[in-house]
Amino acid sequence: MESQLAQLGQYLGAGIACFGMAGAAMAVGNVAGNYLAGALRNPSAAASQTATLFIGMAFAEALGIFSFLVALLLLFAV
1 MESQLAQLGQ YLGAGIACFG MAGAAMAVGN VAGNYLAGAL RNPSAAASQT
51 ATLFIGMAFA EALGIFSFLV ALLLLFAV
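Residue numbers (the UniProt record's numbering): 1 to 78.
To be clear, the hints were calculated from the coordinates, so they are not data collected in a lab. Watch out, some of these pointers could steer you wrong.
Said to hold, decoys possible - Label pairs and their calculated CB-CB ranges:
hint, residue 1, residue 2, range
1, Ala58, Leu12, 23 to 31 Å
2, Cys18, Thr52, 26 to 34 Å
3, Gly38, Leu63, 20 to 28 Å
4, Leu5, Phe54, 18 to 26 Å
5, Phe19, Ala46, 28 to 36 Å
6, Gln4, Phe54, 31 to 39 Å
Yeah, the Cβ is synthetic: ideal placement off N, Cα and C, and Gly gets one too.
Between the sequences and the hints, there should be enough to build the whole structure, so can you do that?
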């Protein structure tokens, strides 16, 4: 019974950690959408903001990777 309860906790924790991956996906979409909206308003300034776009996407995606790592640790760590 204890083993099944511990396994249930692992699966539940990993599922909750996956919400971080969904949040990261929404954040990347938000960053890209705001960049596109700004680039359409002022196309001459878009080239100078491309590096900022990639940095913002990298930070947002890093949080998704961290939550994926937490989910894997919860599933497979002994």
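(request) Given the hint of 26 to 34 Å, check if Cys18 and Thr52 actually sit that far apart at their C-beta atoms. (result) 28 Å, holds
(request) May I ask you to test the hint 28 to 36 Å on the CB atoms belonging to Phe19 and Ala46? (result) 33 Å, holds
(request) Return holds or violated for the Cβ distance of Gln4 and Phe54 against the range 31 to 39 Å. (result) For Gln4 and Phe54 the Cβ distance comes to about 45 Å; the hint is violated.
(request) With 20 to 28 Å as the target window, see if Gly38 and Leu63 comply at their CB atoms. (result) 23 Å, holds
(request) May I ask you to test the hint 23 to 31 Å on the CB atoms belonging to Ala58 and Leu12? (result) Since Ala58 and Leu12 have Cβ atoms about 30 Å apart, the given range 23 to 31 Å holds.
(message) If I claimed the Cβ atoms of Leu5 and Phe54 lie 18 to 26 Å apart, would that claim hold in this structure?
(response) 44 Å, violated
This entry does not satisfy hints 4, 6, going by the numbered hints stated previously.
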